[in-house]
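2 protein chains.
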Amino acid sequence: MSEADQMIKQVVLSHNDLPTAWYNIVPDLPARVPPSLHPQTLEPLTPDDLLPLLPSGIVEQEFSEQRWIEIPDQVRELYQIWRPSPMYRATRLERALDTPAKIYFKYEGVSPAGSHKPNTAVPQAYYAVRDGVKRLTSETGAGQWGSALSFAGALFGLEVTVYMVRASYNQKPYRKMLMHTWGATVFSSPTDRTEAGRAVLAADPDSPGSIGIAISEAVQDALSRDDTRFALGSISNNVLLHQTVIGLEAKKQLEIFGDYPDVVIGCVGGGSGYAGLSYPFISDMLTGTRTGTRFVAVEPDACPSLTRGTYAYDYPDTASLGPVLPMYTLGHGFMPAPIHAGGLRHHGSSPTMGILVEHGHIRPRSYSQNEVFDAAVRFARTEGFVMAPESAHAIRGAIDEALAAKETGEQRVILTHVSGHGHFDMAAYELFLAGTLEDHVPTSQQIEKALADLPDAKVSA
Amino acid sequence: MSEADQMIKQVVLSHNDLPTAWYNIVPDLPARVPPSLHPQTLEPLTPDDLLPLLPSGIVEQEFSEQRWIEIPDQVRELYQIWRPSPMYRATRLERALDTPAKIYFKYEGVSPAGSHKPNTAVPQAYYAVRDGVKRLTSETGAGQWGSALSFAGALFGLEVTVYMVRASYNQKPYRKMLMHTWGATVFSSPTDRTEAGRAVLAADPDSPGSIGIAISEAVQDALSRDDTRFALGSISNNVLLHQTVIGLEAKKQLEIFGDYPDVVIGCVGGGSGYAGLSYPFISDMLTGTRTGTRFVAVEPDACPSLTRGTYAYDYPDTASLGPVLPMYTLGHGFMPAPIHAGGLRHHGSSPTMGILVEHGHIRPRSYSQNEVFDAAVRFARTEGFVMAPESAHAIRGAIDEALAAKETGEQRVILTHVSGHGHFDMAAYELFLAGTLEDHVPTSQQIEKALADLPDAKVSA
Chain R
8 MSEADQMIKQ VVLSHNDLPT AWYNIVPDLP ARVPPSLHPQ TLEPLTPDDL LPLLPSGIVE
68 QEFSEQRWIE IPDQVRELYQ IWRPSPMYRA TRLERALDTP AKIYFKYEGV SPAGSHKPNT
128 AVPQAYYAVR DGVKRLTSET GAGQWGSALS FAGALFGLEV TVYMVRASYN QKPYRKMLMH
188 TWGATVFSSP TDRTEAGRAV LAADPDSPGS IGIAISEAVQ DALSRDDTRF ALGSISNNVL
248 LHQTVIGLEA KKQLEIFGDY PDVVIGCVGG GSGYAGLSYP FISDMLTGTR TGTRFVAVEP
308 DACPSLTRGT YAYDYPDTAS LGPVLPMYTL GHGFMPAPIH AGGLRHHGSS PTMGILVEHG
368 HIRPRSYSQN EVFDAAVRFA RTEGFVMAPE SAHAIRGAID EALAAKETGE QRVILTHVSG
428 HGHFDMAAYE LFLAGTLEDH VPTSQQIEKA LADLPDAKVS A
Chain E
8 MSEADQMIKQ VVLSHNDLPT AWYNIVPDLP ARVPPSLHPQ TLEPLTPDDL LPLLPSGIVE
68 QEFSEQRWIE IPDQVRELYQ IWRPSPMYRA TRLERALDTP AKIYFKYEGV SPAGSHKPNT
128 AVPQAYYAVR DGVKRLTSET GAGQWGSALS FAGALFGLEV TVYMVRASYN QKPYRKMLMH
188 TWGATVFSSP TDRTEAGRAV LAADPDSPGS IGIAISEAVQ DALSRDDTRF ALGSISNNVL
248 LHQTVIGLEA KKQLEIFGDY PDVVIGCVGG GSGYAGLSYP FISDMLTGTR TGTRFVAVEP
308 DACPSLTRGT YAYDYPDTAS LGPVLPMYTL GHGFMPAPIH AGGLRHHGSS PTMGILVEHG
368 HIRPRSYSQN EVFDAAVRFA RTEGFVMAPE SAHAIRGAID EALAAKETGE QRVILTHVSG
428 HGHFDMAAYE LFLAGTLEDH VPTSQQIEKA LADLPDAKVS A
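So the protein lines, in turn, are chains R and E.
In terms of the numbering used here, the first sequence opens at residue 8 and continues consecutively.
In terms of the numbering used here, the second sequence opens at residue 8 and continues consecutively.
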């Protein structure tokens, strides 16, 4: 890009540039994904095991080894409500950091639900309706996923029931109201509506809840009615592949900017947002099309599954109801502190990401709450957007990459994402500005204790 | 547009399509705008009168009779953070209404501050910095304008002090926190920091405040320091002309859709958002390029300046500090009920809009709170976006236009706007969904009483 074009901050694509297929990384991975296991028998899971829980189209994708999966026309039409999403160069942040690096960020806060989550909520609702399903249940941490599913449910005329982690339910009342506006029903989890919830409440009536508990509740609720299925917001491979529209668009947009990333850095809870951004670029590396790009996954100190967890088989939920997955985990009994990046409070992360971390292709890093809010405020005051605390992990990482490039004088090209806006997280910003946002770091004993309870199945090397 | 293209919902423009000049309607109006008057002498206002209060570039534009005013490069660069904004066809709402009408909406909720207000906040901050100003003060109703100015202040390194109407300050705590995140100082108005505020509090310590009171406070604060100027979020012609980027973009986008509006309908408080959308189309009518388009301005029943007010000289603020303006007004002593569309709680509206209403070119209409929230929820559940209560007035109007077209079977093309998102207005949605949102209609006596206090100057016919 010439000097004359330096003032270009944003590249938008038209509806014609919307991807026509999702990218599935499974066939390109450096090793086969170990099979998921049945939660009771610990035998390899079959599609039939999942059909009572998930729409058939989703089950098919979950087991798919096809590289490209066509996006249905109706889903592409609905994607147009917020896609293609904009890509920005953070010129003002670069100047403030006085770095030779270029920072590009893909902005997903433009969706009606405020994050990347509708990228998968809409296809999940689509496949549910195709099967004649009337209702979807789900968990939500910070409320981003629950909002996305409520939005998708409204578009398809589906009932939606959301189990929202109590810590977030109390921190973010507006998120609940947003879901109501789209017609969803929202419960503060743990509830007394499910066996899983009642068991948690019996042990600790003041439990702040966790994504793992909320998943257990939503699964039990879904299994209790024939017309109901469950929708998961992250971790599953079908969710991750839906999210690749982000990275596929980003690639086209970076081409228009005339760049290719030296580092792709993003935030990871279950891993779907970062997979969506990075997998189309990791594909270039795995297939030998490109070399030299680094991939960095950022998580909170308080829930450090990739940096301090173990690569092992574990349940995705607290009550051990979900399929046993090969993943980086802190143990399904791990109870993360009620930090404001509620969307990153899950003890495990996605199986495909586990393989990429295990093989050294993705390198994890973690930050404290204060470190990430500091980055978020700096970003708001230079680039304008006020982001979700989850996204702030990515931006903190990008800032550190840019500062490292300044040390060496390197013209590093950094690609990152702002996975959602922070309009429902203002109370946390206010605490940070007042200097009263607490940091939480789990003790090694806490993690060891949770890991002691892993299911009796080893991931083969 | 062919049947094959029917699935196109959104037209995005690239940075190359950003307007290079703002449109000033003044030279094209059917009558000269009567001069604004000095608040004490009631003599025609001169540029020198305004220089202690406003940046010189803004004063120049306020008196300009040039049709096109070039947008400075730095402002265009910053506009790229959220502009060109998207234009949608509300296909799903059309289907739900079963109408032959086409509904297009320009969406301004993509800006970091969440509304169209940064379109003028950024140039106002730009011209302030050009004069060496260090601080800007302003009023805000719902908080949209205060947020926009705080955002612009952060981009330019300007201090920002916002007087936020108490009713909104209490209804929308997150708005205040958003302004803090951009580094602004926010006070609940009326305050005891200014003479104007103290006078109101002395008469009524529980005053919910009003935009008129907050303007008085911000003006007094600005005049108290040499390094400080005042920034107004609506009403002034310079503000309205900045907003025409909306309509200029909309015209290009409608061309791509292959349409021209039969009706342009929007919400009006001070009038800047609707002027921004409509003036480039009204220009076509005034200059004879196009005929047959109707222009409809929608306001709340609770603050009906265009539908029930008088066209007269009046002060823009409660304490009679601002320039006396020829406008539709309910009287500067009118105290609107604390409705949730706080941005529409001003007793008057813009002088140029006054002329257009007086000449029958713009027709006003009003709705109750429940009518507009009903439209907003219907929109959220079809088109996805959750909008500000202000914007819901526009959408309610657009829905009624579409339903009228259904009666007659007419293929009417409706252009409207969603001037901002409703992420900070969720409490009002929750009240509406619970059926406990109150409606407010002022009595004729209330309006008569306020109008009795007009300044002693007549608008010549």
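Keep in mind the hints are simulated off the structure, nothing from the lab.
Fair warning: there could be bad hints in the mix.
Note: identical chains are not told apart, hence a pair may lie in one copy or across any two.
[Claimed, not checked] The list that follows gives simulated cross-link-like pairs (lysine-lysine, DSBU-like), each with its CA atoms no further than 30 Å apart:
| no. | residue 1 | residue 2 |
| --- | --- | --- |
| 1 | K16 | K259 |
| 2 | K413 | K465 |
| 3 | K465 | K259 |
| 4 | K16 | K258 |
Hint by hint, here is what the structure shows:
1. K16 with K259: For K16 and K259, the Cα distance is within 30 Å both inside one copy (15 Å) and across copies (21 Å).
2. K413 with K465: neither (44 Å within a copy, 65 Å between copies)
3. K465 with K259: The answer is neither: 41 Å in one copy and 61 Å across copies each exceed 30 Å.
4. K16 with K258: both (16 Å within a copy, 23 Å between copies)
The structure is inconsistent with the numbered hints 2, 3, although it conforms to all the rest.
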